[in-house]
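I would like the entire structure built from these sequences, with the hints used as guidance.
2 protein chains.
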Amino acid sequence: MTRQSDAPLHVPGGVTAPKGFRASGVACGIKKNEQLDLALLVSDVEASVAGVATTNRIKAAPIVVDQPRLKRGRARAVVINSGCANACTGAPGLADAKAMAAEAANVLGVDEGAVLVASTGVIGARLPMDRVRGGIARAALQLAATGGAAAAAAILTTDTLAKEIAVRETAGRIAITVGGMAKGSGMIHPQMATMLAFLTTDAAIAPRTLQSVLKRVVDATFNAIDVDGETSPNDLVLCLANGQAKNTPLASGPGLARFEAVMHLVCERLALMIVRDGEGASKLVTLRVTGASSTAAAKRVLLAVARSPLVKTAWHGEDANWGRTISAIGNAGVPLRPDRIALRIGPVAVVRQGVGAGSSAEAEAAIILKQREFTVTVDLGQGRGEAMVRTCDLSEDYVRINASYRS
Amino acid sequence: MTRQSDAPLHVPGGVTAPKGFRASGVACGIKKNEQLDLALLVSDVEASVAGVATTNRIKAAPIVVDQPRLKRGRARAVVINSGCANACTGAPGLADAKAMAAEAANVLGVDEGAVLVASTGVIGARLPMDRVRGGIARAALQLAATGGAAAAAAILTTDTLAKEIAVRETAGRIAITVGGMAKGSGMIHPQMATMLAFLTTDAAIAPRTLQSVLKRVVDATFNAIDVDGETSPNDLVLCLANGQAKNTPLASGPGLARFEAVMHLVCERLALMIVRDGEGASKLVTLRVTGASSTAAAKRVLLAVARSPLVKTAWHGEDANWGRTISAIGNAGVPLRPDRIALRIGPVAVVRQGVGAGSSAEAEAAIILKQREFTVTVDLGQGRGEAMVRTCDLSEDYVRINASYRS
Numbered sequence: 040m041t042r043q044s045d046a047p048l049h050v051p052g053g054v055t056a057p058k059g060f061r062a063s064g065v066a067c068g069i070k071k072n073e074q075l076d077l078a079l080l081v082s083d084v085e086a087s088v089a090g091v092a093t094t095n096r097i098k099a100a101p102i103v104v105d106q107p108r109l110k111r112g113r114a115r116a117v118v119i120n121s122g123c124a125n126a127c128t129g130a131p132g133l134a135d136a137k138a139m140a141a142e143a144a145n146v147l148g149v150d151e152g153a154v155l156v157a158s159t160g161v162i163g164a165r166l167p168m169d170r171v172r173g174g175i176a177r178a179a180l181q182l183a184a185t186g187g188a189a190a191a192a193a194i195l196t197t198d199t200l201a202k203e204i205a206v207r208e209t210a211g212r213i214a215i216t217v218g219g220m221a222k223g224s225g226m227i228h229p230q231m232a233t234m235l236a237f238l239t240t241d242a243a244i245a246p247r248t249l250q251s252v253l254k255r256v257v258d259a260t261f262n263a264i265d266v267d268g269e270t271s272p273n274d275l276v277l278c279l280a281n282g283q284a285k286n287t288p289l290a291s292g293p294g295l296a297r298f299e300a301v302m303h304l305v306c307e308r309l310a311l312m313i314v315r316d317g318e319g320a321s322k323l324v325t326l327r328v329t330g331a332s333s334t335a336a337a338k339r340v341l342l343a344v345a346r347s348p349l350v351k352t353a354w355h356g357e358d359a360n361w362g363r364t365i366s367a368i369g370n371a372g373v374p375l376r377p378d379r380i381a382l383r384i385g386p387v388a389v390v391r392q393g394v395g396a397g398s399s400a401e402a403e404a405a406i407i408l409k410q411r412e413f414t415v416t417v418d419l420g421q422g423r424g425e426a427m428v429r430t431c432d433l434s435e436d437y438v439r440i441n442a443s444y445r446s
Numbered sequence: 040m041t042r043q044s045d046a047p048l049h050v051p052g053g054v055t056a057p058k059g060f061r062a063s064g065v066a067c068g069i070k071k072n073e074q075l076d077l078a079l080l081v082s083d084v085e086a087s088v089a090g091v092a093t094t095n096r097i098k099a100a101p102i103v104v105d106q107p108r109l110k111r112g113r114a115r116a117v118v119i120n121s122g123c124a125n126a127c128t129g130a131p132g133l134a135d136a137k138a139m140a141a142e143a144a145n146v147l148g149v150d151e152g153a154v155l156v157a158s159t160g161v162i163g164a165r166l167p168m169d170r171v172r173g174g175i176a177r178a179a180l181q182l183a184a185t186g187g188a189a190a191a192a193a194i195l196t197t198d199t200l201a202k203e204i205a206v207r208e209t210a211g212r213i214a215i216t217v218g219g220m221a222k223g224s225g226m227i228h229p230q231m232a233t234m235l236a237f238l239t240t241d242a243a244i245a246p247r248t249l250q251s252v253l254k255r256v257v258d259a260t261f262n263a264i265d266v267d268g269e270t271s272p273n274d275l276v277l278c279l280a281n282g283q284a285k286n287t288p289l290a291s292g293p294g295l296a297r298f299e300a301v302m303h304l305v306c307e308r309l310a311l312m313i314v315r316d317g318e319g320a321s322k323l324v325t326l327r328v329t330g331a332s333s334t335a336a337a338k339r340v341l342l343a344v345a346r347s348p349l350v351k352t353a354w355h356g357e358d359a360n361w362g363r364t365i366s367a368i369g370n371a372g373v374p375l376r377p378d379r380i381a382l383r384i385g386p387v388a389v390v391r392q393g394v395g396a397g398s399s400a401e402a403e404a405a406i407i408l409k410q411r412e413f414t415v416t417v418d419l420g421q422g423r424g425e426a427m428v429r430t431c432d433l434s435e436d437y438v439r440i441n442a443s444y445r446s
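Residue numbers (our numbering), protein chains in the order written: chain A, 40 to 446; chain B, 40 to 446.
Check each hint, because a few of them may be wrong.
Copies of one chain are not kept apart here, so a pair can be met inside one copy or by any two copies together.
Stated by the list, open to error - In silico lysine to any residue, SDA-like type, Cα no more than 25 Å apart, as pairs: (1) Lys-58 to Pro-374; (2) Lys-137 to Arg-177; (3) Lys-110 to Ala-400; (4) Lys-71 to Ala-396; (5) Lys-409 to Ala-141; (6) Lys-110 to Val-146.
Worth flagging that the hints you see were computed from the coordinates, not collected in a lab.
The following block contains the structure:
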């Protein structure tokens, strides 16, 4: 099979795959045991920047610092730490976040307002600023055009795997590359939670255009995943576009559409890596609701099912216990016609017209449930409202990881 | 210490403690291994009846059968099975529920419409009606004025303990007794879930008055407990009042208030037994939200915290990780003033004005968290809205129980 010459090409390098980006990751002692915990990501030239931040009403200090800087639309660097969220730390924490950006600006010799900051980890603890300052100085010395992997490792918390990707789009006259790295496993949620993602591209694109592309892509990817129904005060997706591909700035037309498609691909893959790495997750479940009276009704049913601990433990137990799904649907608070509900596990109809399809269907469904990835489809039989989410099962490991985190 | 002579008195006998009630519990083969799975509860004379049923939009067949019978306000008996919910079973399931009531009416020699029916267990399976009929016949033969305990045992599913209580009120000239039994452990929820409760009293009280008392009491007790945020199609609280105490019918004034207080006590104790028996639960947590801008806002924050798997696993881990609670509060979707939020674990303030109170406060809180029962108080500092719920932690055992249920 030959690949289509204009299909996007996966390339190595993560966030440093696009031209004109350098990155690094160091261990500065926020985490124990010399684990990488501080990352620096720098564009050689000033870049357009766009961002989508948490919907949680409690915002961590770095989010508060970034918001006015994102409005400026231009940035040079991002400094990120893991191991400490710098959230619920009051005025001192806000000063710490500003100092972290100022320190990075200082060692890089750039404007303080051109540095964005992000943190992830335990809420409520203060950053050990001496260590952070030392880490920033060392990270600046280690900046490299091959540093994407080190940066991707340094932003992780309970993740078991680093998450990075880069894709090159060659359909136009000029190749454009988009790179990305993300962290997140627990607290993943359709409104983006305890996740950070950093995207880079060498495309030339105005900040406002970049912001609208990013918003649409995030809604369709990171905002359509759910591990445990939680959001955090720190969630953030940032994108830097430095124009080093020297393309005509993307503003509309097929060029912009191709760019958005590549951004979507990068974010979709990162989002799937997050769900697959869900804390203790052993199943990746694509949950679809169709036939709802409206999109809003579809989403409510979707979330009621995706967040049901009983449904999620049944998936974990590979048990075609569709009654729990039906019960969760009934719990969504939307008007239903129970006698019209259908439920499929993979292609197997286990409920038709609100009634179980029998034990042989359940036996077939149980085979699907043994797969590591499967689809569950709820058809409400009422209208044309639809919604989809990627989620995972709830395992004993989830509890073990989260009961012992911090200790 | 002498007890106050007019304080309510705990008495043995459960649902058969009030005058004029008999009950029984038998094993008819719905469950495996000769476990008790069918209960019969009968009043010697026609009784006032009141009921509060599930808010789940999917109603099990017995709920559908009971609703018009509850409207009549008079009943003689209740037949209950465990091991099979008779939910999502379509028209045949509805016929089964009716046949179950009809069979009980037949062996008891009472009107079919005077028999209520309830089921709990796996959703989607049909009742093995031959066994159910045999069970009803045997249960009728075993009816006894000491049968409360057998009935309480026969309505259980994943419960580890039978839940029954009876209280006698002697302040008036005539003693009035209220008995109760309940089942429920997983899927417990402020809107009453996967729980059944049956209350009996020898008080004389009109059906309409009984219904309004029951509604208020259920809202304040069973509807204020939460194990895992789920509701089921089968949830039901029924109360039979047969007048055999021969009191002047309770209609208003101090007599009715005392009766409501006793009903509240009975339901509160049963609700606490359910939470303490929460699937895999090792902690009983009383969660309070105060200082909200409204009661509705307080309830939203309450549920966001009570249903957060991260908060519940931190309780399980005895970790004073208050950041997860703050994050869950921010996730509730209500406007907040983060710098006014206070959080107490037991009496220990771990967050003041949105900021952590330090490691010595956390160490004190960790001692509280080692208790089997404790209180967590969230003060939003915004207004006078309040709400309270009893809930429990999330343990590996919860996952194990629910991943393997049915098998």
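Right, here's what the structure says about each hint:
When the C-alpha separation of Lys-58 and Pro-374 is checked against a cutoff of 25 Å, the pair qualifies neither within a copy, at 53 Å, nor between copies, at 43 Å. Taking the closest pair of Cα atoms, Lys-137 and Arg-177 come within 25 Å of each other only inside a single copy of the chain (19 Å); across copies the shortest separation is 76 Å, beyond that limit. Proximity of Lys-110 and Ala-400 under a CA criterion of 25 Å is satisfied in neither setting, with 54 Å inside one chain copy and 39 Å between copies. When the C-alpha separation of Lys-71 and Ala-396 is checked against a cutoff of 25 Å, the pair qualifies only between copies, where the shortest distance is 23 Å, while the shortest distance within a copy is 53 Å.
For the identical chains of this complex, Lys-409 and Ala-141 are neighbours neither inside a copy (51 Å) nor across copies (42 Å), given an alpha-carbon limit of 25 Å. Only within a single protomer do Lys-110 and Val-146 lie at most 25 Å apart by alpha-carbon distance; the minimum there is 24 Å, versus 77 Å between protomers.
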